[in-house]
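So the protein sequences, as listed, match chains A and B.
Per the working numbering, the very first residue in the first sequence carries number 1; after that it's consecutive.
Per the working numbering, the very first residue in the second sequence carries number 1; after that it's consecutive.
In case anyone wonders, no lab produced these hints; they're calculated from the structure.
Backbone N, C-alpha and C define an ideal beta-carbon position, used for all residues, glycine too.
Hints should not be assumed to be uniformly reliable.
[Stated by the list, open to error] Covered stretches of chain A, as calculated for chain B (at least 3 residues, CB under 8 Å):
1) 97 to 109
2) 177 to 185
3) 255 to 266
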Amino acid sequence: MNRRGEIEMPERPERGRRLRPARGRERVGGVRPGGLRSRLAGGRRVGGGGQAGRERPFLLGCAALVILLTASIIVFISAKGLATFVVNRVSPVEFLFSAQWAPDRPAAEGGPRVGGLPYILGSVAVSVLAVAVATPLSISGAVFAVEVAPRWGQRALQPALEMLAGIPSVVYGWLGLTILVPFVRDHIGGLGFSLLAGFLVLAVMILPTIFTVSADSLRALPVDLKEAAYALGSTRWQTIRRVLLPAARTGIIAGVVLGLARAFGEALAVQMVIGNTRKIPGSLLDPVTTLTSAITMDMPYTVMGSLWNNVLWSMALLLLLISCGFIVAIKLMARRGVKL
Amino acid sequence: MNACTADRIATALFWLAAIVLIALLGGLLGYILYHGGRHISWHFLTSPPETIHAGGGIGPQLFNSFYLLVLSMAVTVPIGLLAAVYLAEYARPGPLTEAIRFSIETLSSLPSIVVGLFGLLAFVVLTGWGYSLMAGALALTVINLPLIVRISEEAVRNVPTDLREGSLALGASQWQTVWRVVVPCAFPGILTGVIIAAGRVFGEAAALLYTAGMSSPRLHFGLWNPAHPSSPLNPFRPAETLAVHIWKVNAEGLIPDLRQVGDGAAAVLILVVLAFNLGARWLGRRFHRRLTAA
Numbered sequence: 001m002n003r004r005g006e007i008e009m010p011e012r013p014e015r016g017r018r019l020r021p022a023r024g025r026e027r028v029g030g031v032r033p034g035g036l037r038s039r040l041a042g043g044r045r046v047g048g049g050g051q052a053g054r055e056r057p058f059l060l061g062c063a064a065l066v067i068l069l070t071a072s073i074i075v076f077i078s079a080k081g082l083a084t085f086v087v088n089r090v091s092p093v094e095f096l097f098s099a100q101w102a103p104d105r106p107a108a109e110g111g112p113r114v115g116g117l118p119y120i121l122g123s124v125a126v127s128v129l130a131v132a133v134a135t136p137l138s139i140s141g142a143v144f145a146v147e148v149a150p151r152w153g154q155r156a157l158q159p160a161l162e163m164l165a166g167i168p169s170v171v172y173g174w175l176g177l178t179i180l181v182p183f184v185r186d187h188i189g190g191l192g193f194s195l196l197a198g199f200l201v202l203a204v205m206i207l208p209t210i211f212t213v214s215a216d217s218l219r220a221l222p223v224d225l226k227e228a229a230y231a232l233g234s235t236r237w238q239t240i241r242r243v244l245l246p247a248a249r250t251g252i253i254a255g256v257v258l259g260l261a262r263a264f265g266e267a268l269a270v271q272m273v274i275g276n277t278r279k280i281p282g283s284l285l286d287p288v289t290t291l292t293s294a295i296t297m298d299m300p301y302t303v304m305g306s307l308w309n310n311v312l313w314s315m316a317l318l319l320l321l322i323s324c325g326f327i328v329a330i331k332l333m334a335r336r337g338v339k340l
Numbered sequence: 001m002n003a004c005t006a007d008r009i010a011t012a013l014f015w016l017a018a019i020v021l022i023a024l025l026g027g028l029l030g031y032i033l034y035h036g037g038r039h040i041s042w043h044f045l046t047s048p049p050e051t052i053h054a055g056g057g058i059g060p061q062l063f064n065s066f067y068l069l070v071l072s073m074a075v076t077v078p079i080g081l082l083a084a085v086y087l088a089e090y091a092r093p094g095p096l097t098e099a100i101r102f103s104i105e106t107l108s109s110l111p112s113i114v115v116g117l118f119g120l121l122a123f124v125v126l127t128g129w130g131y132s133l134m135a136g137a138l139a140l141t142v143i144n145l146p147l148i149v150r151i152s153e154e155a156v157r158n159v160p161t162d163l164r165e166g167s168l169a170l171g172a173s174q175w176q177t178v179w180r181v182v183v184p185c186a187f188p189g190i191l192t193g194v195i196i197a198a199g200r201v202f203g204e205a206a207a208l209l210y211t212a213g214m215s216s217p218r219l220h221f222g223l224w225n226p227a228h229p230s231s232p233l234n235p236f237r238p239a240e241t242l243a244v245h246i247w248k249v250n251a252e253g254l255i256p257d258l259r260q261v262g263d264g265a266a267a268v269l270i271l272v273v274l275a276f277n278l279g280a281r282w283l284g285r286r287f288h289r290r291l292t293a294a
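Build the full structure now, drawing on both the sequences and the hints.
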C-alpha cells in the first residue's frame, strides 16, 4: 500500500538476496514468453563480459542521494534554526516554555520576548484531538475492510480512502472554511475560526493514513490466528477484539503515530480555519494558532536574519525534530514489539 | 451480554463506520463539484486572474501547475527509478542500505512546509534563482522522490524471479537482466504509481509558497522561447500554482468574487486529481489484463 505516500510497514523484513522467490501478489506474473524471448535473443548480443557490475556505483549514487537530501535538510534548517539560541542568545527554555511573545519590542521597553508556548500548545492540541477523532473511525474502517466485508472493503472503502488521501490540503482548508467555519459560528458559537474547526479538518485528512497502515498490518496477520480463534468457538467480534487487534497492535500504533505526525506538520489547511490568534488554547471554540501557521503567515513579513525571522526557523527546526522523533519512535517500537 | 448479541452490535458498528467514511468522501466531493462546477467555464479556465475586480480566471495558474509537475517528474522519475533498482536488485543488507531506507522514511514524513523552507534556503537563495519554477520543481522533488522510490521498488520486487533466472541463465549480465527484463516487466506498476504520485504533487501548496512564489508574471502564450522572461516555458520565472492560488486569494481577500474563484479552482483541482487517480486505476487494470490473460 505504498502508493499513497504512507510509510512502509516497519516490520517488513529486509530482502537482500539477489534472486528471491516471487512475492505473494502475482500482479505482473506470466509475461508473454514470446515477447521476452525475442527481446533477449533478438537484441544485441548479451553477456559481453568484462563490464559486469560497472553500473553499481552509479545506481548507489542515485540511492545515496536521498541520504544527502535528508542530511542537507537537517543541516540547513538547523543552521538557521539554532541562530535564535546562538546569535540572539535566547534561552531554549524561554522558547519552549514561555508564553510571552513580543519579538520586535525595543530594548528600552525590556527587549524582545520570543516564548513559543502558545504555538507549541496549539499544534499539540489540534493534532492530538484530530488523532482522537480519527483513530476509532479509521481503525473500525480497517477492520471492516479486512475482516467484516472484504469485498465491499475492496470495492468501495479502499478506493474511497484513496480518494480522500488524494484531495489536496488546500482543498480541505477551503472546505473547512466554507462549510465548517460558518457551521460552528451559526450553530455552536464563537467566531467559527476555532480549535474545533482545525482539528475536525485535520481528522478527515489523517483518516487515510491510519486506515491504510492499520489495514495493512491486519492483512499481514497469519490466517492461523483467526482460524484458531474461530475453532475455539469465538464469535467474529471476540476474534477481532481478543486476537486480531492485539496481534496487529504494533502496526496500528505505527499508523496512529504517522497520523499524528501528519497532523502536526500540516500547514495550510489548519492555518485557513484556526483563526491564528496567539493564545493558550482554553476552549474548543477559541481561535488558536500553531507552529506551521506562524511560519506560513509571518515568514514573508520578517527580514531574514532578524530575531523574529530566526524564531520562525527555530519553529521549523522543532517541527523537523518532532517529525524525525516520530519516525525513530516507530522504528524502535517495531524492533522491540510494543507491550501494552 | 450474550456473545452473539455483542457480535451483531459490533458488526453493525463496523458497517456504520464504513458507511460514514464513504458518505464523508461522497459528501465532500459532491459539495465541491456542485458548488465549483457552476463556476467552471472556458473563460475561467483560460483567462488570467484579476487582482481587485471580479471575473478573473485561473489560466496561468493551471498552466503553471502542469508545467511544474512535468519539470519535477523529469527530475524525480529517473533518479527514483535508478535508486529503486539499486534497492531492489543490488543492495545488500547493511548499515548503508539501512541509512537509505531510514532517509526515505524521514523524507516522506517531513512536513511539507519544512521542505518549502529548505527549498527557500537551498534552491531560492543559495542558487540565486529567486522564486522560480525550477526552485519549486526541486522542492517538489524532495517530496516526490521517496514516493517514487517506494512505488518503483515495489513494482520491481513484484517481477517474478523466473524471469530474472531465465535471463541470467541465458548469459545476460545483471544490468542487462535489470534493464531489459525486470524494468520493462515492472513498467506498468511504475507508471500507475507515478500517475498517483502526480496527483499528490499537483495539489501541493505549502512547499511552493516560498519556492515557486505566490505571483506569476504576465505570460504571453505563443512566446515559446524558454529564455524569454515572459515566456510561459521559462523555468526561472516565478509561478503561482492552482493550489497556491486558492490559498492566496483567500489570505489576501481582495477580490469580490473570492467565493466563486475559490470554489471553481477547488473543483478544477479535484477534477484533475480525480482524473489522475481514475486514469491510474484504468491503466493498471488494462496492463494487468494484457499481461496476465494475453
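Going down the list of hints, with the structure as the test:
{"no.": "1", "hint": "97 to 109", "result": "violated (count 0)"}
{"no.": "2", "hint": "177 to 185", "result": "holds (count 3)"}
{"no.": "3", "hint": "255 to 266", "result": "holds (count 6)"}
Of the numbered hints listed earlier, the single one contradicted by the structure is hint 1.
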